[in-house]
Amino acid sequence: MDELTRVLTQALAELIAPTTAAYALAAIGLNLHFGYTGLLNMGQAGFMLLGAYGFGIATIAGAPFWLAFLIAMAAGALFALILGLPTLTLRGDYLAIVTISAAEIIRMLGRSTVFQEWTGGASGLKGNQFKETFQALSPLPDGRMALGPLEYINTGSDSWWTRLFAWGLVLVAVLFVWLITRSPWGRVLRGIREDEDAVRALGKSVFSYKMQALVLGGVLGALAGLVFVLPRSIAPDGLGRTVTFFVWTVMLLGGAATLFGPVLGSMLFFAVYMLLRAGMRTGLEGVVSSTFVEQFGGLLVGVTLMILVIFRPQGILGNKRELAFNVR
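Under this note's numbering, the very last position in the sequence shown is 328; numbers go up by exactly one each time.
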């Protein structure tokens with residue numbers, strides 16, 4: 001019984017973890033790209049990594065938190081502009097190939113010894129180099145606080161303050177998406193997703209709208225990267241292809257083109273993922289290695305994504321009619 005309680009507590013903790021919030025934020029940005037506009041962006045991890053580096057490098061250089069925060073957003077917007085200008089005329093799998101390649105270029109540049117002075121190379125940037133300005137903003141008193149079975153320090157890397165800040169950003173992002181997708185601008189995005197030639201015939205600049213959606217989703221991705229590294233260090237390999245893969249799973253699980261789908265998908269995905277891993281470690285202790293558990297967990301994620309795409313492409317909250325994407 002004690003082991004079962006421990007496993008359930010770990011799964012419950014994942015519901016409010018900063019990492020879960022980071023994936024929700026990244027999935028909200030991806031939802032603007034794919035769910036509302038029909039852009040097959042397979043490089044969301046690249047936006048996240050640039051946001052993390054923008055925040056970390058600016059903080060180490062002496063910038064206050066909010067300036068570093070803005071620099072992270074600017075990094076995501078700039079990457080979207082550079083990426084979008086030559087590629088937004090592409091459709092479907094061609095755009096997917098370009099975006100995943102661009103994200104890999106960002107990761108390799110982060111690992112490169114050429115920029116090691118700023119990025120730390122393959123080792124990345126240690127958390128104690130860039131977290132002090134964030135932690136200094138905490139309004140919480142020193143010490144620890146328990147909420148039910150969950151207990152964390154009030155201020156620090158893995159703290160209540162990090163969780164409050166992370167989920168506060170998710171709340172602001174949900175409100176922002178709710179406002180813009182219910183505006184005339186949001187209706188144009190849906191039109192582009194379903195038939196961009198018809199939107200073009202009405203005199204709208206399809207390229208301009210796609211670029212705006214790419215920039216806004218990229219900024220949200222960059223902020224997700226900032227949140228992702230607050231409890232840990234910045235490592236280029238920590239924000240690679242697997243992260244994009246997980247973000248897609250989160251978005252499709254909750255439902256593309258839905259407001260709360262990315263948030264629900266992230267919370268459900270990581271709670272179940274932790275439940276499976278912790279349960280297998282406990283139940284199969286001494287039978288299989290921890291490496292096998294991690295690999296098997298990744299395999300289950302892949303199978304889950306396949307099943308979703310085949311049998312429930314609209315996700316939990318989605319509408320199948322919303323998936324009539326013009327990606328030819």
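Rather than coming from a laboratory, the hints here were simulated on the basis of the structure.
Model, not experiment: these values are computed from the prediction.
For glycine and all other residues, C-beta sits at the position ideal for the given N, C-alpha and C.
There's no promise every hint is true.
As the list claims (entries may be wrong) - Label-pair restraints from in silico Cβ distances:
(1) Tyr94 / Arg200: 34 to 40 Å
(2) Ala201 / Leu179: 42 to 48 Å
(3) Asn319 / Lys204: 20 to 26 Å
(4) Asp237 / Leu147: 21 to 27 Å
(5) Thr9 / Thr304: 39 to 45 Å
(6) Asn128 / Arg182: 40 to 46 Å
(7) Gly92 / Thr242: 55 to 61 Å
(8) Trp178 / Gly302: 14 to 20 Å
(9) Val172 / Pro313: 27 to 33 Å
(10) Thr242 / Pro313: 30 to 36 Å
Would you say the C-beta atoms of Asn319 and Lys204 sit inside 20 to 26 Å of each other? holds, 24 Å
Hint says 55 to 61 Å; check whether the CB-CB distance for Gly92 and Thr242 agrees. violated, 23 Å
Taking 30 to 36 Å as the hint, is the beta-carbon distance of Thr242 and Pro313 inside that range? For Pro313 against Thr242, whose Cβ atoms are near 22 Å apart, the range 30 to 36 Å is violated.
CB-CB spacing for Leu147 and Asp237 relative to the 21 to 27 Å hint: violated, 33 Å
Look at the Cβ atoms of Ala201 and Leu179 and judge whether their distance stays inside 42 to 48 Å. violated, 28 Å
Cβ-Cβ distance between Thr9 and Thr304: within 39 to 45 Å? Violated - the Cβ-Cβ distance for Thr9 and Thr304, about 23 Å, lies outside 39 to 45 Å.
So the hint says 14 to 20 Å: do the beta-carbon atoms of Trp178 and Gly302 match that? violated, 32 Å
Mind checking the hinted window 34 to 40 Å against the Cβ distance between Tyr94 and Arg200? Given a distance of about 19 Å, which is not inside 34 to 40 Å, the answer is violated.
For the hint 40 to 46 Å, verify it against the beta carbon of Asn128 and that of Arg182. holds, 43 Å
In this structure, is the beta-carbon distance linking Val172 and Pro313 contained in 27 to 33 Å? holds, 29 Å
Hint violations for this structure: numbers 1, 2, 4, 5, 7, 8 and 10, all remaining hints satisfied.
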